[in-house]
Amino acid sequence: MAYPYRDDRETTTVLSRHMGEPEARTLSGWLERGGYEALGTALEMEPDEITEIVKESGLRGRGGAGFPTGMKWGFMPKENGRAHYLCCNADESEPGAFKDREIMRWTPHLMIEGCLIAARAIRAGHVYIYVRGEFFPVVRVLNQAVVEAYEAGYIGRSVLGSGWSCDITVHLGAGAYIAGEETGLMSSLMGGRAEPWMKPPFPAARGIFGAPTTVNNVETLASVPGIVANGSAWYRQWGSDESPGTKLWCCSGHLVKPGNYELELGVPLSEIIYDVCGGAPDGKRVRAVIPGGSSTPFLTADELDCETTYEGMQAAGSSLGTASPIVMDESTCLLSAMRRIAQFYAHESCGQCVQCREGTEWIAKILRRIEDGDGEMKDIDTLYDLCEQLTGRTICVLADSVVFPLRSSLDKFRDEYESHIQQDACTAT
Amino acid sequence: MYGNVKTAELVSLRIDGTEISVPSNTSVIEAAEAVGVLVPRYCYHPGIPSRPAQCRVCLVEIEGQPKLQPSCNISVQEGMVVHTASEEARSARRSVIELLLVNHPLDCPICDAAGQCMLQDYAFETRQLASRLNEEKLVMGRDRIAEDILYFADRCILCTRCVRFMREVAEDDALIVAQRGYRAYIDTFPGAVLDNPFRGNIVDVCPVGALVHEDFLFKARFWDLDQTASVCPSCSTGCNVTIDTVENQIVRLKPRHNSEVNSYWMCDHGRKHLIMSNRGLRPEAPLLRRDGKLVPTGWGEALTWVAERLREVSRGMAIVSPHAANESLFYFRTLLDRIGIAGGTFRVEQGEEAILPGFPKLQLRADRAPNASGAELHGFERFDGGAHSDPGGDAVAVLEDPLGELPDEWGREASFFLYVGNRLSPAARNAHAILPVTTFAEMEGTFTNFEGRVQRFHQALQPAGLARPAWLVLARLVSLLEDGGDGGVAAPTLASEAFQVMVRATPAMADLEWASVGLKGARLGSTEAAVPHAQAPAEGA
Amino acid sequence: MSRRIHPSVAGAQPFQLAERDPEAPLFESAEGQERLQAVLSRYPTKQAALLPLLGYANELHGWVSKQDMESIAERLDLTPAYVWSVASFYTMYNKHPIGRHFIQVCTNISCHLNGAQRVLERFLEETGTRPGETSEDGRYTVIEAECLGACGFATAVQINDEYHENVTPERVSQILAGLDGNGS
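Protein chains in written order, with my numbering: chain A, 1 to 429; chain B, 1 to 541; chain C, 1 to 184.
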């Protein structure tokens, strides 16, 4: 089992260096590769020193929102003696994203090490790794790594004899996209429906079991050991001031070489799509790209020369999201693609907020009807209006997540909608 | 309304242009009510603690906030400027209603809630003139939630008030949201039904027609109901209720808010019991025994005749009902004093107790009568020893006790048997005179609940036949005995007058005023004073 | 089953397996007790053990029955209704028995772009079933799944606890034959 997507070009390998090496999954193999050295460093540091280094590194949350990780840790109360929790968000469910799964199945100890260091920084005594339910082969690897680390004293009472204790529990989800949302994850972890809650209370004040909690994404945590071991300046050698470091890119859709690539933040998107992934197969032209996972706005083929940083993608009118470009070639019916995306969000709405529960389903129905040839021109106005109504009015951003691709597809590919409505024909070639 | 007013600081804010100061723990939606602005709400209910802010219909604009905020969930802050009806807030509200109507069957013509439906109201308010919907609606059907409650899933807006009432107030987590997203619905555990004694409240909190009582189904249109403020007579708690009637029939009881008694709730026993107990044979005209037979007659003749006979009574026994109003018990006491019968007893039907954990003051109490305290206050003694003994050759006077479980010949030997009541049981038919009186639902008056709260009820029904309130009948008899019937002593003709006579003559009630009792009731001076056993009877008016 | 499971991962065992015993007792066995105690030891509240135990029921029985929900409710001091509310929120707990080979075809966007619909149709054709329906011989249940998180390997198909990636309609019969061949 070789890691199948090594970029031929010279590339950065902070996270993915040992992917594709089955021995790296074992504790001994991981130790041979310098594993848990960063943990040793962290154990000699005060919690706030760790937080400070991560702050300086500029590491931003890799779950999609890009919130500065060190700042998030800084929100946690500083006093000891009270239960604090870390939740590792391994509920990777954004369509297009498959990076956390690769981290967990190739280098589980990297993530475990990141969890432990983060737990120390935020004074947590227990880490819950919330893994999405479908990842059975992945969780087998992860479970084995956790047990090995426990048995070797890296997890549990007095980690490596330091006197500092930390438990890790792997928790398996069961098929709910919304459990990947921070508060939805916490509701689910506590044995509930994965229903997001209104903030405040913020997790750092009142998270799981009523205690201060931080929720961090797998890739975020896997980036931490390198930063702690090598310092923030080392991490800042890559990327931009606002978006330092490297990022795993999950490239899917119509590509010659789809897959998972670790790249410095800022590489032009066009380079990722054409040079790294070889562009669309069979000599077809790229028609559209959703750059950051299915909840980010569409870009046209002409808009791909953007810098893949948080700020660069925003300037391009989209978002870095989970860095999961979904590429659609010229033969793609964008209406059908959008319908499939909308159908997903309707299926995954938790159902609390009216706009999301009813709106996502209505949008999916309208798109299906247009696809079936029964559309009317006024449907376009209705869809635009629903975009308006579903934005910024709900507890969480699931409703907004369908609006981003929908509104941009209406703006940029209106001809596709009109063609389906007026001629019952697709503009794809 | 504002929670703990004493400890909370006051903050000033501006809502739709009006300045107001409220305690800092007030939510914006509550503060808005205080300035007369009713922000639309579905998931928010003042009696249910949680504020999930999930219906999104109460979104308002707060200056300085980039997004609209749910007014139910946001606490007021000093200097806050709130616009509940800004263009954006109205647009958001309109959109919520439109979206709720996407899969709603619009079956208002056959919906129980039509006319008192918050979806209808807001659809009207937000002017949903035409539907943009071009899709087939989702059809989910209906389900039985309890023996007596049906759930129409297609009408449900998933505000979860019912779920949260059961979880947070009844503390019985038996009603839940099943599935998720647009496929979500309210459910019990598969195969189970709600059997909680307070389950009926889920129908009341439902803002639409999703949860309905089966015994009210298709029975009446809301706008045809006459609603009367009253007090539930089915136990000693005295929950404040509204009696809904159609064509002089009680069709349902709904709880009426009273934070001192029942909050927003009532029990299911109370909902049903009154309707059931209202059935049965009623005396509709005064009946006098002549030549061994009961003969109908007019009130004038009957009262004169009874007064004559009462002058001859010197000793005997008295039985009252804890269902009688305070005013009736008072005048009965006065009459008994006049003719020289001391004491008197009453029986209270007993039943199983139930408590509402989220509002523990509300209990279905073992005493299944509204006014045992009132009876005690007027010098009658609780009697738990089985059936009332036969008066033998003595006189007997009965107020409103139906004498239901007594032998047919009970009271037949009595020297004089006066029955002032509203039931015609075999024992009652042995009376020399039957004076038909109204039930509490057919009159105005007061009850005194288990803790000495005196509460008014209003007339919901027309009396059966010639029946009159017992206090009116008894007051008239007292005045006839007093002055020989020449009209020299005036008897009260209004419940308020009877009440005033009563409180002036009853030391324990001295603090009360008809007006101050109002719609929410008033406590007697102290609990001890409220229920004195065998207190000396008051002098006649 | 008899291998002792470390408590840290006791609540995270794959729970859609080919091997199941619908009649096995949930908690009235040494294994069941061990799993229950191990899971409970990891959370400060009993309720937090709910998902792990629903997973365990699904792992053991292939689905979560009313009886399973009642047993779990009893062990966690929850009402059966609450357990049903949670179980029904999550799509991966089967609410009725399923075929021995539980085939989940991802048709989400990346797989959609790569012909997942045809893969799904082929699975349905070859197994002679409709979505969610179990074949008469009890062998197969095929459903359409939301994103399986293997977007770079479209079309992704999950059969019980195994992933099959880069599945094309042409490979479907071979995959099905493989399932029968190894007798799983």
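Just so you know, the hints here were simulated from the structure itself, not pulled from any lab data.
Do not take every clue at face value.
What the hints assert, rightly or not - Below, a sample of chain B positions facing chain A; criterion: calculated Cβ distance under 7 Å: (1) E33; (2) V37; (3) Q54; (4) K67; (5) S75; (6) V96; (7) V102; (8) G181.
Claimed, not checked - Reference listing, derived: stretches of chain A covered by chain B, where coverage requires no fewer than 3 residues with Cβ under 8 Å from a Cβ of chain B: (9) 203 to 209; (10) 343 to 353; (11) 363 to 377.
All C-beta atoms in this analysis are idealised placements derived from N, C-alpha and C, irrespective of residue type, glycine included.
Checked hints:
The beta carbon of B/E33 comes no nearer than 21 Å to any beta carbon in chain A, farther than 7 Å, and the hint placing it at the interface is violated. Because the closest C-beta pair between B/V37 and chain A is about 20 Å apart, greater than 7 Å, the hint is violated. Interface hint at B/Q54: satisfied, since its Cβ lies 4 Å from the closest Cβ of chain A, which is below the 7 Å cut-off. With a least beta-carbon distance of about 5 Å to chain A, the hint placing B/K67 at the interface is held under the 7 Å criterion.
Checking B/S75 against chain A by beta carbon gives a least distance of about 10 Å; that is not within 7 Å, so the hint is violated. For B/V96, the shortest C-beta to C-beta distance to chain A is roughly 5 Å, which falls under 7 Å, so the interface hint holds. Checking B/V102 against chain A by beta carbon gives a least distance of about 5 Å; that is within 7 Å, so the hint holds. Interface restraint check for B/G181: the shortest CB-CB distance to chain A comes to about 4 Å, inside 7 Å, so the restraint holds.
Counting residues of the region 203 to 209 of chain A whose C-beta sits closer than 8 Å to any C-beta of chain B gives 0, which falls short of three, so the coverage hint is violated. For the region 343 to 353 of chain A, the stated coverage by chain B is satisfied: 8 residues place a CB nearer than 8 Å to a CB of that chain, which reaches the threshold of 3. For the region 363 to 377 of chain A, the stated coverage by chain B is satisfied: 4 residues place a CB nearer than 8 Å to a CB of that chain, which reaches the threshold of 3.
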